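Please take these sequences and the hints and turn them into a complete structure.
Chains D and C are the protein sequences, given in the same order.
The first sequence lines up with residues 1 to 207 when you count with the UniProt record's numbering.
The second sequence lines up with residues 1 to 296 when you count with the UniProt record's numbering.
Simulated from the structure, these hints should not be mistaken for lab results.
Just so you know, these numbers come straight off a predicted model, no measurement behind them.
It is possible that part of the hints are untrue.
[Claimed, not checked] With a cut-off of at most 20 Å between alpha-carbon atoms, the simulated EDC-like pairs for lysine to aspartate or glutamate come out as follows:
1) D:Lys28 - C:Asp226
2) C:Lys156 - C:Asp238
3) C:Lys211 - D:Glu120
4) D:Lys28 - C:Glu62
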Amino acid sequence: MAVSSHELIAGFADPVQASQQVFRAALKVMSEPGTLVEIDYAETAPKGLDLSTWQLALSLLDPNTRVWLSPTLAANDAVISNLRFHCQCPLVDNPFDADFVIAWHSELPLLAELNWGTAEYPDRSTTLIVQVPALSDEPDWTLSGPGIEHTRSLYVAGLSEPFRSDLTRSRQRFPLGIDTFWCCDNRMAALPRTTQIEPFKKAEEAC
Amino acid sequence: MSTATGYNFAYLDEQSKRMIRRAILKGVAIPGYQVPFGGREMPLPHGWGTGGMQVTASVIGEADKLKVIDQGADDTTNAVSIRRFFAHTAGVETTEQTAEATLIQTRHRIPERPLQADQILIYQVPIPEPLRFIEPRESETRKMHALSEYGAMQVKLYEDVARFGHIATSYDYPVMVNNRYMMDPSPIPKFDNPKMSMMPALQLFGAGFEKRIYAVPPFTQVESLDFDDHPFEVQSWDEACAICGSDHSFLDEVITDDNGSKMFVCSDTDYCRERVDQGFVGTAADLSTSEQETEQ
Ligand SMILES: [Zn+2]
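Here it is in C-alpha cells:
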C-alpha cells in the first residue's frame, strides 16, 4: 500500500524535544511498571491510533524497526500512510518478525506467536503496543517486581481471559519474554517482562 | 533555551538517540542484562566516557538539571568539561547539588546523599562484562549469562579469601541483579554497592567502547557476591572527615603540606559542603580554631 497524501497529518511540531519527552515518559512507565502517564506532545493522531500510540511511534520507530499491525490497523489507510511517511518503518506480515507489534486489544496475536528473544539475546524480542478501551489504577491486577516498591494496581480493559493468563504465566520464562505498552487515548502504562501479575484479592472481611 | 547552532540537540543525531533509547528500554525490562547497541561513535576526548555520554545525550531534555561527578567531585577537569558540553549542546541547567539534579552522570562514585524517585544516575562504564577476565570470548560469556553459570566468579573471589584471608576486590565488585544477572557495577568502590539495591532512582550504565547498555530499575534488588563464611563487607575508616566530621562517608586521603601531613576528607564534595552548611565540623576546623587562639 502506498502513502495516501490526503490521509497525512502533521507529526510533532518540535520533533527533537517531543521525541525526547515521549521517550522519558516511556522510560518512566517501563521502569515503574503500572504507573500511568498522560502524554500530550502531539495534537492529533491518525484515525485508528490512540494519541499515546501515535506519539510512541513517532518517538521510537524508524527504518530500523519492523512493525506488525493488527488486521484493522493494517487495513487502515491513514495508519499505514502516516507510519510510512513519518516513521519509515518497514511493515511485516508475521508478528514473529516484528520488533514492535501495534494491535487492538481485540485483535491480539497469541503471545506464543511473538518473538520472546533468545537465551543469549533476550533483548531481541517483540515489544507489544496494545490499544485498550480503558486503563486505570483500579484494583484488578496486583503488580510486583523491579520498579515497584511494594505492589501497584493496574486495570487494563478489554483483554481476553486466555491472553491475561498467558501474560501472567509468561513470567516463568524470564529472561525471555514480551514487554508491553498499554495505550488508551493520551494515557499510557507499561509492563516489562519482569512484572509479576496476580489477580487482586479483596481484603478478607473481618468475622 | 539557547543551544549552539549547527549542533544536534545534545550533540547526538536523532537516529542514534532512537537506537540508544530503544536499547535503554530493553535494559530496564531485563535488569542487569547487557544490551548491545549500534550507532555512531561520539568523537570525544579520552576519559569522558563515551558510553555514559551517549546515554546522557539520549536521555537529557530541556527540563533537566545535570550534575556530573568524577571520583565524587564536581570540579575535576572531566566533570567540568562534560557539564559544559551539555550546557553548550543542550542548553540545560547544571548543578553541583545532588538534591536538585534530575540527571547525574558519574564516574567512580555514587553520591552519599540518598537518591530519590525520578532522578536518573548514569554510570560511565569502561568494561561492562564482569566475566571478561575469566573468559575473553563474548560468545562464551553470553552462554554463561544465559545459563546463570557464575561459578567461575565465585572461584575467583574465593581465591582471594585463600590468599589474603578476605575478599581483596574493593572496586568493580560484582553484583547479582534481581537474582538473575551478574553485573559489573563499574569501577565504584564496593562501599557504594549497597546503595544500588532498592534505590528509588533509576540507574543506567553505558559502555562506549563495547557498545553495551544495562540498567537497574528503581526498587530492584542488587546483591554483592559473597560467601557464608566471608560475608560482603564495605570499606571503613578509623578516621572521620577532617572537614565535616562525617563518620559514614567514603574518605579520600589527601596530603596537606610539603611535610607529607595527611588528612581524610569526604570523596563526595557536595555531600561534605552540605554538611558544613548544616554546621557540622571536622578536626581540620578544630585545628584552625586552635591556631587562631594561639595567635591571639
Ligand atoms: Zn566531609
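Verification of the hints:
Under the criterion of a C-alpha separation no larger than 20 Å, the hint pairing Lys28 (chain D) with Asp226 (chain C) is inconsistent with the structure, at around 32 Å. Taking the CA atoms of Lys156 (chain C) and Asp238 (chain C), the gap is about 29 Å. The hint is violated against a cut of 20 Å. Under the criterion of a C-alpha separation no larger than 20 Å, the hint pairing Lys211 (chain C) with Glu120 (chain D) is consistent with the structure, at around 16 Å. With a C-alpha separation of about 17 Å, the suggested pair Lys28 (chain D) and Glu62 (chain C) falls inside the 20 Å cut-off, and the hint holds.
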